[in-house]
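Let's have the full structure, built from the sequences with the hints guiding it.
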Amino acid sequence: MIARLAGFVALIYAIGFLYFAVTLPGPLGHVKTDAVLVPTGGPGRIARGLSVLRDGDAKRMFVSGVDPEVTPREFAAQFDVGAGEMQCCVTLGFLAVDTRSNAGEAAQWLSTNDVKTVRLVTTDWHMPRAGAELRHSIPDTVTVIEDGVPSDPALGQLFLEYNKLLAALVTQGWPV
Numbered sequence: 001m002i003a004r005l006a007g008f009v010a011l012i013y014a015i016g017f018l019y020f021a022v023t024l025p026g027p028l029g030h031v032k033t034d035a036v037l038v039p040t041g042g043p044g045r046i047a048r049g050l051s052v053l054r055d056g057d058a059k060r061m062f063v064s065g066v067d068p069e070v071t072p073r074e075f076a077a078q079f080d081v082g083a084g085e086m087q088c089c090v091t092l093g094f095l096a097v098d099t100r101s102n103a104g105e106a107a108q109w110l111s112t113n114d115v116k117t118v119r120l121v122t123t124d125w126h127m128p129r130a131g132a133e134l135r136h137s138i139p140d141t142v143t144v145i146e147d148g149v150p151s152d153p154a155l156g157q158l159f160l161e162y163n164k165l166l167a168a169l170v171t172q173g174w175p176v
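Here our numbering is used: the sequence shown runs in plain steps of one and ends on residue 176.
Calculated directly from the structure, the hints in this document are not laboratory data.
There may be inaccurate statements among the hints.
The list that follows gives simulated cross-link-like pairs (lysine-lysine, DSS-like), each with its CA atoms no further than 25 Å apart [as the list claims (entries may be wrong)]:
hint : residue 1 : residue 2
1    : Lys32     : Lys59
2    : Lys59     : Lys116
3    : Lys116    : Lys32
Each pair of labels, with its calculated beta carbon distance range [to be verified]:
hint : residue 1 : residue 2 : range
4    : Val70     : Thr117    : 23 to 29 Å
5    : Gln108    : Ile2      : 43 to 49 Å
6    : Thr117    : Leu166    : 24 to 30 Å
7    : Gln157    : Lys32     : 31 to 37 Å
8    : Phe94     : Ile2      : 47 to 53 Å
9    : Gln108    : Ala14     : 35 to 41 Å
10   : Glu74     : Leu5      : 52 to 58 Å
11   : Gly82     : Pro139    : 29 to 35 Å
12   : Gly7      : Val31     : 40 to 46 Å
No residue lacks a Cβ here, since even glycine has one placed at the ideal position from N, Cα and C.
Printed below as a string of structure tokens:
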């Protein structure tokens, strides 16, 4: 009996992992939102967020989890953001250190700025957990649209992220 139960759990885990691995979100086309949210941590995220902003698909951009030692001037220089664009449209958040605190920091900014629709830009393999954490931290009245930055993750990276997603779902009491 225990062996069958363990086998069933392993089968469900494996099917869940396969689903996770083959349904990674890709880039989104032109969809207008009030803001774009970019958690730091992966290549191409900030560039994609700036592209969304510059294409007019969002009016403002919030970058969560910026290293406190990075100044806005250094950020602007690294990502070729003009002073006017920084002043009007790009806000840097320095409080977050992980995905869960990215969601909390973003929730505060979204609320303060009366954002009703937000485009979440993060690496494709990170999107399920980042999206789940964000949705858990914000009111149901805010719509989250996912925009995945394509990557080529190693199998080990996918397994690690899948397990982090499961842990987040279980610890937050969300249905699995």
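Each hint tested on the structure:
1. Taking the CA atoms of Lys32 and Lys59, the gap is near 9 Å; set against the 25 Å cutoff, the hint holds.
2. A threshold of 25 Å between alpha carbons decides the hint, and for Lys59 with Lys116 the separation of about 12 Å falls inside it, so the pair holds.
3. Using a Cα cut-off of 25 Å, the hinted pair Lys116 and Lys32 holds, with the two alpha carbons roughly 11 Å apart.
4. For Val70 and Thr117, the Cβ-Cβ distance of about 28 Å falls inside the hinted range of 23 to 29 Å, so the restraint holds.
5. Checked against the given bound of 43 to 49 Å, the beta carbons of Gln108 and Ile2, roughly 46 Å apart, stay inside it.
6. For Thr117 and Leu166, the hinted distance range of 24 to 30 Å is satisfied, since their beta carbons lie about 28 Å from each other.
7. For the pair Gln157 and Lys32, the beta carbons lie near 32 Å from each other, so the given range of 31 to 37 Å is met.
8. Against the hinted window of 47 to 53 Å, the Cβ-Cβ separation of Phe94 and Ile2 comes to about 49 Å, which satisfies the hint.
9. For Gln108 and Ala14, the hinted distance range of 35 to 41 Å is satisfied, since their beta carbons lie about 38 Å from each other.
10. Roughly 54 Å separates the CB atoms of Glu74 and Leu5, a value that falls within the hinted 52 to 58 Å.
11. With their beta carbons about 33 Å apart, Gly82 and Pro139 fall inside the hinted range of 29 to 35 Å.
12. Hint check: Gly7 to Val31, Cβ distance near 43 Å, so the stated range 40 to 46 Å holds.
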